[in-house]
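Enquirer: Residue numbers (my numbering), protein chains in the order written: chain A, 1 to 337; chain B, 338 to 682; chain C, 683 to 972.
Rather than coming from a laboratory, the hints here were simulated on the basis of the structure.
Hints may be right or wrong, so weigh each one.
Output of the computed footprint for chain A on chain B, the stretches with three or more beta carbons under 8 Å from beta carbons of chain A [unchecked claim]:
(1) 488-501
(2) 530-537
(3) 543-554
Here are the computed lysine-lysine pairs in the DSSO-like style, where the Cα-Cα straight-line distance is at most 27 Å [as the list claims (entries may be wrong)]:
(4) C:K825 to B:K673
(5) B:K559 to C:K700
(6) B:K678 to C:K789
(7) B:K407 to B:K639
(8) B:K559 to C:K743
(9) A:K76 to C:K825
(10) B:K425 to A:K76
(11) B:K589 to B:K639
(12) A:K33 to C:K872
(13) C:K872 to B:K407
(14) A:K221 to C:K700
(15) C:K789 to A:K325
(16) A:K68 to B:K407
Bear in mind the structure is a predicted one, so any value in this text is a computation, not a measurement.
Ideal Cβ positions, reconstructed from N, Cα and C, are used throughout, including at glycine.
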Amino acid sequence: MSANASTPVAQTMTTSTGATRQSAADQARLAAKVATFSSQDRWFERVTFLFAALVLLAMVGILASLLKEAAPALSKFGLGGFLTGTTWSPSDDVYGAVIAIFGTLITSAIAMLFAVPISFGIAIFLTETCPAVLRRPLGTAIELLAGVPSIIYGIWGLFVLAPLLQQYVQPLLIKTGLPIFAGPPLGIGIFTAGIVLALMVIPFTASVMRDVFETVPAVLKESAYGIGCTTWEVMKNVVLPYTRVGVIGGIMLGLGRALGETMAVTFVIGNANRLSPSLFAPGNSIASTLANEFAEADPALHVPSLFALGLILFFITVVVLMAAKWLTARGTRKAGI
Amino acid sequence: MKFAKRILFASALALGSLSAVQAQDITGAGATFPAPVYAKWAEAYKAATGAQLNYQAIGSGGGIKQIVAKTVDFGASDDPLSGEDLTKNGLLQFPAVIGGVVAVFNVPGIGANQMVLNGAVLGEIYRGSIKTWNDPALAKLNPSLKLPDSAITLIYRSDSSGTTAVFTDYLAQTNPAFKASPGAGKTVNWPAGVGGRGNAGVAANVTKIAGAIGYVEYAYAKQNKMSYAAMLNRDGKRVEADDLTFAAAADKADWNSEPGFGISLNNQAGEKAWPITSASFILMHKAAADPKRSAEALKFFKWSLANGGKLAVDLDYVPMPANVVKQIENSWKDIKDASGKAVLN
Amino acid sequence: MSALPQTPFNTGLYKRRKITNVIGLALSFVSVTIGLLGLAWILWTLAVNGLSALNMDFFTKSTPAPGSAGGGMANAIVGSLMIVGFATLISTPIGILAGIYLSEFGKTSKFAQATRFVVDIMLSAPSIVVGLFVFALAVATVKHFSGWAGSLALSLIAIPVVVRTTENMLALVPGSLREAAFALGAPRWKVSLAVTLRAVKGGVVTGVLLAVARMIGETAPLLFTALNNQFFSTDMSRPMANLPVVIYNFAMSPYEDWQKLAWGGAALIALIVLTINILARVLFRSKLQA
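Looking at chain A on its own, in the form it has when it is part of the complex (with noise of 0.2 Å):
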């Protein structure tokens, strides 16, 4: 099939009664009609080009803007300074990325710590022990709550899940006089914004390692099953090996968004520029901070602070979807047996 140009319209050569000669009127006819269709296709590679370019470049466009942007704060504090930096102070004009990139890493560390244990469970049960008649429906409906907008898990933190750790879950644990539990119980706080991550992360990595399960070849599980193997034995030694990267990469896919989600950690978070060891304590990740403060940022480093913490979450959610890529991609090259 030819590359570019377009084919030249079907002519009318010679037909079965024989001499239908080409007229010269004719000729330049239809050297018309080739060159125009030519020009027509040169152009809709154009502009579908250009609408493809135009991708690229609010890729690179949000790359450049947030760089400029938070160049200020960056050259005041140097990239080091704001990474190592404890205090988030707008009303001295001082501002250092720890609080924030630790509440990001913590709330997605617990979200993380719930919610793949209970994805798991999820996809197994999908794909080994649920009844035939309910594994379509189920999974139907654990693909369309993947899709439900996170303001709503935020709501319903903040109305039903806070109210009920303050009242029954948080005092017994502080109870356990853990420095990590430490604390009055608010019912808002770093632990509560994991535990709202987790719920929000669970659909989308147990879709992923359902889909990632049902790709094991019959064939072997069948094998282990046939020399005597429990369910669990297949699972464990069968169809994780075998599907370990892609499973790996799908938690990382859960991470990476966990780690980016502003919605349903805002509402729940706290709002606190300060370090606690406590995870009952308020504190305040990347895209809280951004939601709650940018609005009204006023000093004259605040907003370029922002901006600059707006690159390190899109950096760091590049890098782990990065190596999410890569290890689903090598998972499914190793597909074929």
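Given chain A's structure and the hints, the job is docking chains B and C onto it.
Expert: Leaving out everything else, chains B and C in the frame of chain A:
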């Protein structure tokens, strides 16, 4: 394909025609302190004249920022700008309403005006040195009150706030240790606690967290039926928050002693004076970028200053006294269009 | 047949393996219960608190002043419809044409690979970062918030979805279809649009629907682009009310009326998103079967 094209075209046309309708509106942004009364005024003004005010309560810091950036027709701030800042930015400042700040709290069994506080103790609480409700300092002020042995959770403003400025200014005046640290300002470094956005956010947090204490404009405490404290004022008298005690604080104020009427009404002398009182200010550019919009904004305030008194008192704000209103309206002559003519005649 | 050596049956080991299996499966069942229960609880709370708020007033009256009873979310609903509507109008052609380029022309070129990579990143990038970019581009430059900035931010989020779906769909078209069209003498652009694209029309529409569902729920990018407007306004060049930001503000407030409206708004969004997702599946499945 043809059908889809038709649908696309029709919807684009519909959306386009919708968006072409230009709304006749005044935009303002800033303090949450006066937001309840501005909202009532805007409702009434719309019913009376049809023009609508779009007021974004994003905090005094945000209001100052927006008006300096000229993204709104007026900015609102409870923390008045200094004469220097006003000249630097070419802004005109005038007060629109007076209100009071109260300490709200969430202690089961203790209702409104049952607890008494003073500046020194409130300052210690907000410095983090008083950590529990049954602290001796609190018990001393409230001997007949049963105070629980639970932790005090501080709720403060996470955004740049005029209410914080008013509150911390009062604490700094009455508590030297507070003045040293955290000190006064629109944002300060609080030692502990949870941040809320706007007066509403602080009120919401106090309602949700048992043992919490916060500072809000009185209308928020009243509207949400919260528990708040009575205060001991400068004269040592116990006063409760309402428009009368706020008015008593503003009674002897010399509005012309600061540029742009930017005086503080905190800690005023007077038996009935509420100690944490403030006017809330409006900022507009003297050189009107859009004279028509500036005129509309001024018309709104002219109407509200004249007719909004009852609505203000209903929410326990204090309308500006008549003689001050005259001075305010006089100052509007400084808002001029490109040709040097005052936008409001 | 000679007798095979008999290994003694290790009942102990067998029992242990059985028990491990039962425990493992029980744990997995428990996690399903926890996960699904948690999610069901969320939807249940949403239904209980939110659906009761969806009355006529909700759809016809604008957001009330703080502490005032009554009112609705009409301005926010209309605002969201307009912002998302325009964002769809912007992102659909860009996404489809970019997808066509990647699938038909670019194929494996360096440029196409770079673009695909960028699309991947933008698909999962935090939406608040997109909001920052559009703020710097479209708000700070003209010095006011606007519905247009909001639409721009949302379209940046939707475009990758449409590009990805279009490209994947176009890849499914068999080469024979294209070649048949070429053999009949059609120019390249006509083959792309009238033959190939048309063949996967359903899938592309599904992609657009999914992009719309995604845009409806996005809050972060609108926080500092479209801001908010407490009155009914259809002026896209000024701040515009929209469901997610209004829900956010109302939910964080102390006023019970506002909180009720916030629940109603959240229920409405959830309903719309779920409906679109279900619709997209049904459409897609029917197209596949057809």
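Enquirer: Now tell me if each hint is right for this structure.
Expert: Hint check results:
For a cut-off of 8 Å, the count of residues in the stretch 488-501 of chain B with a CB near a CB of chain A stands at 5, and the three-residue condition holds. For the stretch 530-537 of chain B, the assignment as covered by chain A holds, since 5 residues bring a beta-carbon within under 8 Å of that chain's beta-carbons and 3 suffice. Judged by the Cβ-Cβ criterion of 8 Å, the stretch 543-554 of chain B is covered by chain A as claimed, because 4 of its residues qualify and three suffice. The straight-line distance between the Cα atoms of K825 of chain C and K673 of chain B is roughly 21 Å, inside the 27 Å bound, and the hint therefore holds.
About 65 Å separates the Cα atoms of K559 of chain B and K700 of chain C, which puts this hinted pair outside 27 Å; it is violated. As the CA atoms of K678 of chain B and K789 of chain C are separated by approximately 65 Å, the hinted pair breaks the 27 Å bound. For the hint linking K407 of chain B to K639 of chain B, the alpha-carbon distance of about 21 Å falls within 27 Å, and the restraint holds. Between K559 of chain B and K743 of chain C, the direct Cα distance comes to roughly 26 Å. Compliance with the 27 Å bound is thereby established for this hinted pair.
Simply put, K76 of chain A and K825 of chain C have alpha-carbon atoms about 26 Å apart, close enough for the 27 Å limit, and the pair holds. At roughly 25 Å between alpha-carbon atoms, K425 of chain B and K76 of chain A fall within 27 Å of each other, so this suggested pair holds. Taking the CA atoms of K589 of chain B and K639 of chain B, the gap is near 24 Å; set against the 27 Å cutoff, the hint holds. Taking the CA atoms of K33 of chain A and K872 of chain C, the gap is near 14 Å; set against the 27 Å cutoff, the hint holds.
In summary, the hint linking K872 of chain C to K407 of chain B is not supported, as the alpha carbons are separated by about 50 Å, beyond the 27 Å threshold. Between K221 of chain A and K700 of chain C, the direct Cα distance comes to roughly 18 Å. Compliance with the 27 Å bound is thereby established for this hinted pair. A hinted pair counts as satisfied when its Cα atoms are at most 27 Å apart, and K789 of chain C with K325 of chain A qualifies at roughly 19 Å. Between the alpha carbons of K68 of chain A and K407 of chain B the distance comes to roughly 23 Å, so the proposed pair stays at or under 27 Å and holds.
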